[in-house]
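Colleague: Using the sequences and the hints, build the whole thing.
Order-wise, the sequence lines are chains C and L. Okay, so the first sequence: first residue is 10 according to our numbering, each after it adds one. Okay, so the second sequence: first residue is 611 according to our numbering, each after it adds one.
One or more hints might be untrue.
Partial list, derived from the structure: chain C residues whose beta carbon lies under 10 Å from chain L [to be verified]:
#1 46
#2 50
#3 52
#4 55
#5 119
#6 123
#7 124
#8 130
#9 131
#10 132
#11 136
#12 159
#13 174
#14 175
Distance ranges between label pairs, derived from CB positions [what the hints assert, rightly or not]:
#15 643/L <-> 155/C: 34 to 40 Å
#16 166/C <-> 701/L: 28 to 34 Å
#17 698/L <-> 42/C: 44 to 50 Å
#18 140/C <-> 792/L: 41 to 47 Å
#19 701/L <-> 92/C: 50 to 56 Å
#20 811/L <-> 50/C: 42 to 48 Å
#21 830/L <-> 204/C: 46 to 52 Å
#22 140/C <-> 667/L: 20 to 26 Å
#23 735/L <-> 42/C: 29 to 35 Å
#24 100/C <-> 698/L: 30 to 36 Å
Keep in mind the hints are simulated off the structure, nothing from the lab. All residues carry an ideal CB built from backbone N, CA and C; glycine is no exception.
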Amino acid sequence: MSKKTIILLAVVTLGFAFDSSGILELTYPEYFPEPVYDLKKNPLTSEKIRLGRALFYDNILSADNTVSCASCHSPYNAFAHSDHDLSHGIGDQIGTRNAPALMNLAWHNSFMWDGAINHLDMQALAPISHPKEMGDSITNVISKLQHSKIYPKLFQEAYQDSVITGEYLLKALSQFQLTLVSSQSKYDDVKLGKDTFSTQEMNGYKLFSHHCNSCHTEPLFTNHSFKNNGLEIDTTLNDYGRMTITSNPADSLKFKVPTLRNLSFSSPYMHDGRLRKLSHVIKHYTSGLHDKAIISDELKKPIVLTSNEKVDLLAFLLTLDDKAFVFNPAHQFPREILLGD
Amino acid sequence: MTMKSTLLTLCFSFLYFFAIGQENNRTISFRILSNDLPLTLETSTYSPVLNDSISYEVVKFYVSEFEFFKNGICVDSLIQKHFLIDNEKPESKIIDLTGASNNYDELRFNIGIDSLTNCAGAMGNDLDPTTGMYWTWQSGYINFKLEGTTSSCPGRSNRFQYHLGGYQAPFATCAAVSLDISNQKNIVIELDTESFWEKNNVSETYEIMSPGKKAVELSNLVSQLFKLGHE
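Modeller: So this is what it looks like as structure tokens:
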């Protein structure tokens, strides 16, 4: 392999490229929009990404050292939690929402199903502090990190400072998560002219463009807005979504539009993980919508699909699976850091 | 001149300049009071308004965007934008004014953190989320925190907890303060918690822990309690 090929491969698989100053550049296809995250305020370096990756996989972030970010955001599930409708925290506690898949986070302007969090840096504070998730506090986590065997060194390497602060911790976690760029699906290859859709996929793409793209907008397959998609309220959870944050009745039962990338890996679906299969999701949109009076405008007109069309739509959705992303070794448990291999 | 006298002269001039330097070291200091007396945390004290004893556990707030005005025109502003004032940390209550203009007749600042800063991601020092002034379940700084106990409070264990914050319209809570300053070297700004109880009925409102209408009301109230004190 030539040197150029190796560099190119590194760029494609890591989601970032090196420049001479040690600052890495986030790489993404030219048809992606500009990231929302201001990388100038948190310039990527390999040391900080490495630190963030270690933190992401380390149980030290939870009160009893049993749960890590990756417990509910597993790389093999596109950083969602397979088979768990609701998130799972310390002491086998169950939360109230489905752990969303994590990818292309540099393009998000809000986080959580209700948009409670306004910046990727601040997102980790919520699970760290939630009694049903990691049940700890950032102050205590920092004290644990400061007394650990590995972290003072990792922070020193990343920040040239042996004193660990909340800012360093949160920004390092952001760094690793920013590198989780999914842009190597078949859809992306077709976009780049490296592959073509089958007739079935092409037909599915047309149906998608007509019925789904207004909210699940290409190429990120979400427009990051909050919508009521016609799910009946689960009275065991009574989750009113966005309204909890804005106190605005018009936001009742609105949840953030998730990306459709990597759906094969990130089941179950919806904010409370109530739908286990993609076919159930399509059935929901074609014949299961609840309370049409308050549903989002995009869904007011019924979506009518024949059974063949449903299959075609599914075939297109599967072209958004990105195996290179899901099995990317650079995203996985860092044995060499956490186990000292 | 002998070597010795040269050294002595040097020493004295150093001391002289040091003293001058000290004199030029102007400050804004925050004086937190409970019924005209310095507020001491976790100490029972009498509140005439409540006609009850009261004990404070936390008095902590952000002040930001200090600007000096002369005849209504901004003549100077402090480079450091945000300061966390914590009654528990005496050093936090003094803001250095070295280098700032001394020709002004009005001081303007905010109680709290503006919405732009609230959306700017993780920051360090006074804005580090480890200060306990950042919400975790939703984004945003707590601008003003007042906690304690008094038997007049019907809350659990007679505890009152005011965590005032919120940056999104219509519940933005960062509130402006303007003080007319006569020719003073050092500025003393007083907050007497007693004045809070004059305006807020502890038997009705004693627990505000999220953004909303009540947080806006109380934030506006609190911003009016900051007064110019005597040097």
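Colleague: A separate judgement is required for each hint: does it hold in the structure or not?
Modeller: Hint-by-hint comparison with the structure:
1. Restraint check, residue 46/C versus chain L: the minimum CB separation of about 8 Å is within 10 Å; hint holds.
2. Interface hint at residue 50/C: satisfied, since its Cβ lies 6 Å from the closest Cβ of chain L, which is below the 10 Å cut-off.
3. Interface hint status for residue 52/C: violated, as the beta-carbon distance to the closest one in chain L is roughly 13 Å, over 10 Å.
4. The criterion of a C-beta within 10 Å of any C-beta in chain L is not met by residue 55/C, whose closest approach is roughly 20 Å, and the hint is violated.
5. For residue 119/C, the shortest C-beta to C-beta distance to chain L is roughly 9 Å, which falls under 10 Å, so the interface hint holds.
6. Checking residue 123/C against chain L: minimum C-beta separation of about 8 Å stays under 10 Å; hint holds.
7. The beta carbon of residue 124/C comes within 9 Å of a beta carbon in chain L, closer than 10 Å, and the hint placing it at the interface holds.
8. The restraint placing residue 130/C at the interface with chain L holds, with a minimum CB-CB distance near 4 Å, inside the 10 Å limit.
9. This hint holds: residue 131/C has a C-beta 5 Å from the nearest C-beta of chain L, less than the 10 Å allowed.
10. The beta carbon of residue 132/C comes within 9 Å of a beta carbon in chain L, closer than 10 Å, and the hint placing it at the interface holds.
11. Given hint, residue 136/C at the interface with chain L, holds; its Cβ is 9 Å from that chain's nearest Cβ, closer than 10 Å.
12. Because the beta carbon of residue 159/C sits about 20 Å from the nearest beta carbon in chain L, more than 10 Å, this interface hint is broken.
13. For residue 174/C, the interface hint holds, since its Cβ comes within 10 Å of a Cβ in chain L; the closest pair sits about 6 Å apart.
14. For residue 175/C, the interface hint holds, the least distance from its beta-carbon to any beta-carbon of chain L being 4 Å, beneath 10 Å.
15. The given range of 34 to 40 Å is respected by residue 643/L and residue 155/C, whose C-beta atoms sit roughly 37 Å from each other.
16. For the hinted restraint 28 to 34 Å between residue 166/C and residue 701/L, the CB-CB distance of approximately 31 Å keeps it satisfied.
17. Range check, residue 698/L to residue 42/C: about 46 Å between beta-carbon atoms, so the 44 to 50 Å window is met.
18. A hinted range of 41 to 47 Å for the beta carbons of residue 140/C and residue 792/L is inconsistent with their spacing of about 52 Å.
19. Between residue 701/L and residue 92/C the CB atoms are about 53 Å apart, so this pair conforms to the stated range of 50 to 56 Å.
20. Checked against the hint of 42 to 48 Å, the pair residue 811/L and residue 50/C passes, with Cβ atoms roughly 43 Å apart.
21. Range check, residue 830/L to residue 204/C: about 60 Å between beta-carbon atoms, so the 46 to 52 Å window is missed.
22. The given range of 20 to 26 Å is respected by residue 140/C and residue 667/L, whose C-beta atoms sit roughly 21 Å from each other.
23. Here the CB-CB span from residue 735/L to residue 42/C is close to 33 Å, well matched to the stated 29 to 35 Å.
24. The hinted window of 30 to 36 Å between residue 100/C and residue 698/L holds, with their beta carbons roughly 33 Å apart.
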